[in-house]
Amino acid sequence: MTSFEKIAAAKGLEQGLEQGRQQSKAEDLQHLLQKRFGQVPADLQEKILTAPIDQLSLWFDRAIDVPSLAAVFQPTQH
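Counting from 9, one number per residue, gives the positions in the sequence shown under the working numbering.
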């Protein structure tokens, strides 16, 4: 295996791990939302599945405290 191939393989592995972390966090958020608020609408499920990890973390933290499902996804106030 050449140096280029090793670098490409390592990068592919890292991308795969990142996708796995994102998917796991999305599943955890969906589970929390369902437990707290009931059925999660399909449009929000899609939003969750395509969100980056940092956004998922923010929504997860909000979901613990906010009074409604809509409040989880409100834009951040600056």
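Everything labelled a hint here was simulated from the structure, so no lab data went into it. Watch out, some of these pointers could steer you wrong.
Said to hold, decoys possible - SDA-like mimics (lysine to any residue), calculated; alpha carbons at most 25 Å apart, straight line:
1. 19 <-> 65
2. 55 <-> 45
3. 33 <-> 58
4. 14 <-> 36
5. 19 <-> 57
6. 43 <-> 65
7. 19 <-> 51
8. 55 <-> 28
9. 43 <-> 16
10. 55 <-> 14
11. 14 <-> 24
12. 19 <-> 31
13. 43 <-> 30
14. 33 <-> 20
15. 19 <-> 59
16. 55 <-> 44
17. 43 <-> 79
18. 43 <-> 24
19. 33 <-> 45
20. 43 <-> 55
21. 33 <-> 22
22. 55 <-> 9
23. 43 <-> 14
24. 19 <-> 63
25. 43 <-> 54
26. 43 <-> 63
27. 43 <-> 57
28. 43 <-> 68
29. 33 <-> 59
30. 33 <-> 47
31. 14 <-> 54
32. 33 <-> 72
33. 55 <-> 17
34. 33 <-> 14
35. 43 <-> 71
Quickly compare the C-alpha distance for residue 43 and residue 65 to 25 Å and report which way the hint goes.
17 Å, holds
For the pair we were handed, residue 43 and residue 16, check the Cα-Cα distance against 25 Å.
Answer violated: residue 43 to residue 16 is near 41 Å, above 25 Å.
With the threshold set at 25 Å, check whether the alpha-carbon distance from residue 33 to residue 58 stays at or below it.
11 Å, holds
Restraint status (C-alpha distance of residue 19 to residue 57 at most 25 Å)
Satisfied, since the Cα-Cα distance of roughly 22 Å is no more than 25 Å.
Could you grab the alpha-carbon distance between residue 33 and residue 14 and see if it respects the 25 Å cut-off?
29 Å, violated
Has the given pair, residue 33 with residue 72, been kept, meaning a C-alpha gap of at most 25 Å?
14 Å, holds
Holds or violated: are the alpha carbons of residue 19 and residue 65 at most 25 Å from each other?
24 Å, holds
Would you mind confirming whether the straight-line C-alpha gap from residue 33 to residue 22 stays at or under 25 Å?
Holds, at roughly 17 Å.
Quickly compare the C-alpha distance for residue 55 and residue 45 to 25 Å and report which way the hint goes.
17 Å, holds
Is it true that the CA of residue 43 sits at most 25 Å from the CA of residue 14?
It is violated: about 44 Å lies between the C-alpha atoms, which goes past 25 Å.
Restraint check for residue 19 with residue 59, where alpha carbons must lie at most 25 Å apart
21 Å, holds
Satisfaction of hint between residue 79 and residue 43, Cα-Cα up to 25 Å:
16 Å, holds
In terms of the numbered hints stated before, the structure departs from hints 4, 7, 9, 10, 18, 22, 23, 31, 33, 34, listed from lowest to highest.
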